[in-house]
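Asker: Residue strings, one per chain:
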Amino acid sequence: MSDVQEATNQLLHVNLHENQRDTHVTESVPRSESEHLRVTIGATVPTGFEQAAADEVHLLRSVDNLFVVVQELKDYQFKETKEKVLKDFEELAGKLPWSDPLKVWKINTSFKKKKTKRKKLNQNLSKEKIDNGRDKREERDVKKELSNNSLDSHILDYYEKPAIKEEISTLVGDVLASCKNETEESLKEDTDPEVLKFRVTCNRAGEKHCFSSNEAARDFGGAVQDHFKWKADMTNFDVEVLLNIHDNEVIVGIALTEESLHRRNITHFGPTTLRSTLAYGMLRLCSPQPSDIIVDPMCGTGAIPIEGATEWSNCFHIAGDNNPLAVNRAANNISSLLTRSQIKEGKLSWGLPIDAIQWDICNLPLRTGSVDIIVTDMPFGKRMGSKKRNWNLYPACLWEMGRICKPGTGRAALLTQDKKCFTKALSGMEHVWRKVHTVWVNIGGLHAAVYLLNRTPLAFVHPSGQDKEELLSAKND
Amino acid sequence: MKLLTHNLLSSHVRGVGPRGFPLRLQATEVRVIPVEFNPDFVARMIPKVEWAALLEAADHLRLAEVPKGPIQGYEQDETFLRKMHHVLLEVEVVEGTLQCPESGRVFPITRGIPNMLLNEEETET
Numbered sequence: 002m003s004d005v006q007e008a009t010n011q012l013l014h015v016n017l018h019e020n021q022r023d024t025h026v027t028e029s030v031p032r033s034e035s036e037h038l039r040v041t042i043g044a045t046v047p048t049g050f051e052q053a054a055a056d057e058v059h060l061l062r063s064v065d066n067l068f069v070v071v072q073e074l075k076d077y078q079f080k081e082t083k084e085k086v087l088k089d090f091e092e093l094a095g096k097l098p099w100s101d102p103l104k105v106w107k108i109n110t111s112f113k114k115k116k117t118k119r120k121k122l123n124q125n126l127s128k129e130k131i132d133n134g135r136d137k138r139e140e141r142d143v144k145k146e147l148s149n150n151s152l153d154s155h156i157l158d159y160y161e162k163p164a165i166k167e168e169i170s171t172l173v174g175d176v177l178a179s180c181k182n183e184t185e186e187s188l189k190e191d192t193d194p195e196v197l198k199f200r201v202t203c204n205r206a207g208e209k210h211c212f213s214s215n216e217a218a219r220d221f222g223g224a225v226q227d228h229f230k231w232k233a234d235m236t237n238f239d240v241e242v243l244l245n246i247h248d249n250e251v252i253v254g255i256a257l258t259e260e261s262l263h264r265r266n267i268t269h270f271g272p273t274t275l276r277s278t279l280a281y282g283m284l285r286l287c288s289p290q291p292s293d294i295i296v297d298p299m300c301g302t303g304a305i306p307i308e309g310a311t312e313w314s315n316c317f318h319i320a321g322d323n324n325p326l327a328v329n330r331a332a333n334n335i336s337s338l339l340t341r342s343q344i345k346e347g348k349l350s351w352g353l354p355i356d357a358i359q360w361d362i363c364n365l366p367l368r369t370g371s372v373d374i375i376v377t378d379m380p381f382g383k384r385m386g387s388k389k390r391n392w393n394l395y396p397a398c399l400w401e402m403g404r405i406c407k408p409g410t411g412r413a414a415l416l417t418q419d420k421k422c423f424t425k426a427l428s429g430m431e432h433v434w435r436k437v438h439t440v441w442v443n444i445g446g447l448h449a450a451v452y453l454l455n456r457t458p459l460a461f462v463h464p465s466g467q468d469k470e471e472l473l474s475a476k477n478d
Numbered sequence: 005m006k007l008l009t010h011n012l013l014s015s016h017v018r019g020v021g022p023r024g025f026p027l028r029l030q031a032t033e034v035r036v037i038p039v040e041f042n043p044d045f046v047a048r049m050i051p052k053v054e055w056a057a058l059l060e061a062a063d064h065l066r067l068a069e070v071p072k073g074p075i076q077g078y079e080q081d082e083t084f085l086r087k088m089h090h091v092l093l094e095v096e097v098v099e100g101t102l103q104c105p106e107s108g109r110v111f112p113i114t115r116g117i118p119n120m121l122l123n124e125e126e127t128e129t
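In the order they appear, the protein sequences are chains A and B.
So for the first sequence, the numbering used here puts the first residue at 2; every next one is plus one.
So for the second sequence, the numbering used here puts the first residue at 5; every next one is plus one.
Worth flagging that the hints you see were computed from the coordinates, not collected in a lab.
Glycine included, C-beta positions come from ideal geometry on N, C-alpha and C.
Treat each hint with caution, since some may be false.
[Claimed, not checked] Distance ranges between label pairs, derived from CB positions: (1) B:S107 - A:P325: 17 to 25 Å; (2) A:L459 - B:R48: 36 to 44 Å; (3) A:V462 - B:V34: 14 to 22 Å; (4) B:S107 - A:S428: 34 to 42 Å; (5) B:S107 - A:P458: 28 to 36 Å; (6) B:P43 - A:L97: 52 to 60 Å; (7) A:H448 - B:R35: 44 to 52 Å; (8) A:D234 - B:V110: 55 to 63 Å; (9) A:W351 - B:V110: 26 to 34 Å.
With the hints as extra help, turn the sequences into a complete structure.
Answerer: Right, here's the structure in full:
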């Protein structure tokens with residue numbers, strides 16, 4: 002077991018954050034040949050997938066947000082009144098060990114500048130002029146660290162997959178907008194290069210707090226401002242200070258990612274778009290093997306197949322839905338993916354191993370036993386469909402999915418909030434599906450589950466239409 | 005729609021069952037989009053391919069140089085694998101139709117997406 006994995010196991014710390022949990026990994030950031038910066042990196046992942054994320058946190062596909070931990074305060078003693086609690090936060094700001102985490106933040110920021118030159122155009126036009134003098138020095142330090150810094154490669158890995166903002170069409174808009182802003186900014190801006198802009202984001206979860214996250218952010222932020230003499234700016238900030246409070250635990254951190262990684266691949270959103278990190282977790286549960294055929298028969302905007310085509314390009318992915326809007330959105334998202342990979346590779350229009358089809362889940366136009374893996378987000382009944390419809394839909398889905406899935410080796414990862422309906426539908430299908438694992442997840446406040454099913458070795462026999470109707474209605478009784 | 009996908013598609017018109025495969029492919033617009041060559045992927049796909057269906061579809065698209073079947077030692081034969089890679093993944097039907105061989109029902113392909121939805125009567129017994 003590597004050092005990092007050992008550290009992960011020791012430090013694996015579960016923290017409930019509305020929908021998210023933190024996992025910690027200790028990273029070593031070499032500063033020079035003799036000295037080493039030792040910091041803890043925290044990450045938030047979709048609730049339920051902590052272990053999966055911890056296993057491969059370096060790949061950054063399971064995590065939503067990365068941050069450097071400034072201090073972790075377990076068993077924090079909150080005073081009884083709001084005034085006292087907020088005063089404590091103010092005093093806390095000055096006592097924290099900021100310097101090493103800020104160094105890491107600086108390294109991260111300078112990587113961002115190199116990798117995302119376009120982003121510079123957007124926001125840092127004026128800053129760049131000021132920073133030019135310092136850039137040369139930073140570049141030298143950065144180059145020394147590149148050779149023996151494992152953390153670097155993971156930050157680079159993240160930036161290899163640019164966030165949504167870097168789509169060409171929006172870029173053009175941004176450049177035009179920033180040209181307008183540039184003149185305004187350079188008039189207003191301080192010429193002092195050391196003055197950073199910051200904001201504090203407070204995430205609070207817990208029953209017994211007598212204060213709100215806004216109040217904590219405000220007062221803590223005030224103290225941070227006094228301490229560093231930074232400027233507060235809620236939207237156009239350099240440093241994002243995180244104040245994460247869960248029950249009796251307080252973690253202060255500095256964000257390393259600007260935009261949650263979970264929105265990375267989707268440019269065209271629909272009413273219920275699944276987070277990429279969650280899609281990734283579900284796919285990974287199925288352990289895709291090279292040349293596996295992976296189908297999402299209710300793909301919506303295509304979040305799961307798109308994540309699949311990006312991460313498991315040695316498999317073939319099919320996105321299907323009955324709704325023409327959904328299929329078109331999925332196709333658009335696939336095209337956007339192609340556009341981005343074109344820019345990255347410098348190649349002329351390269352395709353991906355993915356196709357989109359409009360179909361009905363209850364009557365899939367796929368050969369029996371032709372699919373290796375099925376991963377899908379089943380209608381919850383809250384935003385799409387209704388609970389009553391699930392009662393009829395779930396058994397029909399499981400039936401068709403059982404038919405197309407390869408006996409013996411096939412498997413399915415199905416996400417649903419309607420656990421009762423699902424369990425009932427599954428109970429009549431033991432000859433086809435065997436439940437092997439359940440992952441409990443939190444989707445926007447809803448408690449849902451991902452069921453991992455194995456397809457039994459029993460081959461599917463085509464019944465006559467009559468038989469099938471009887472079997473299905475019998476299950477509904 | 006790629007030919008690998010066509011190889012998996014089967015008509016689900018009521019009563020047709022396994023006789024709904026393969027769908028007869030016609031295309032009015034086809035394009036070729038390069039896809040990164042992964043020899044391992046192609047080699048593992050070969051045993052899963054329904055060859056007759058693939059050859060028929062390739063024939064309707066008037067593709068040249070399509071191998072008639074797996075050759076001896078295909079796993080190491082890069083020329084063979086590259087040809088298969090091209091046929092399965094790089095040829096895309098943008099506009100066309102898929103026809104059920106048993107019922108004659110036609111499914112349209114628009115902007116690369118086949119529409120396999122049936123209407124009420126076709127799904128009832």
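Asker: Please go over all the hints and tell whether each is borne out by the structure.
Answerer: We went through each hint and held it up to the structure:
Taking 17 to 25 Å as the suggested C-beta distance range, the pair B:S107 and A:P325 conforms, at roughly 23 Å. At about 25 Å, the beta-carbon gap between A:L459 and B:R48 misses the expected band of 36 to 44 Å. In this structure, A:V462 and B:V34 break the distance hint of 14 to 22 Å, their C-beta atoms being roughly 37 Å apart. The given range of 34 to 42 Å is respected by B:S107 and A:S428, whose C-beta atoms sit roughly 35 Å from each other.
Roughly 32 Å separates the CB atoms of B:S107 and A:P458, a value that falls within the hinted 28 to 36 Å. Take B:P43 and A:L97: their Cβ atoms lie about 54 Å apart, and the range 52 to 60 Å holds. In this structure the hint that A:H448 and B:R35 lie 44 to 52 Å apart at CB holds, the actual value being about 45 Å. The supplied range of 55 to 63 Å is met by A:D234 and B:V110, whose beta-carbon atoms lie about 60 Å from each other.
In this structure the supplied range 26 to 34 Å holds for A:W351 paired with B:V110, their Cβ-Cβ distance being about 32 Å.
The structure shown violates the earlier hints numbered 2 and 3.
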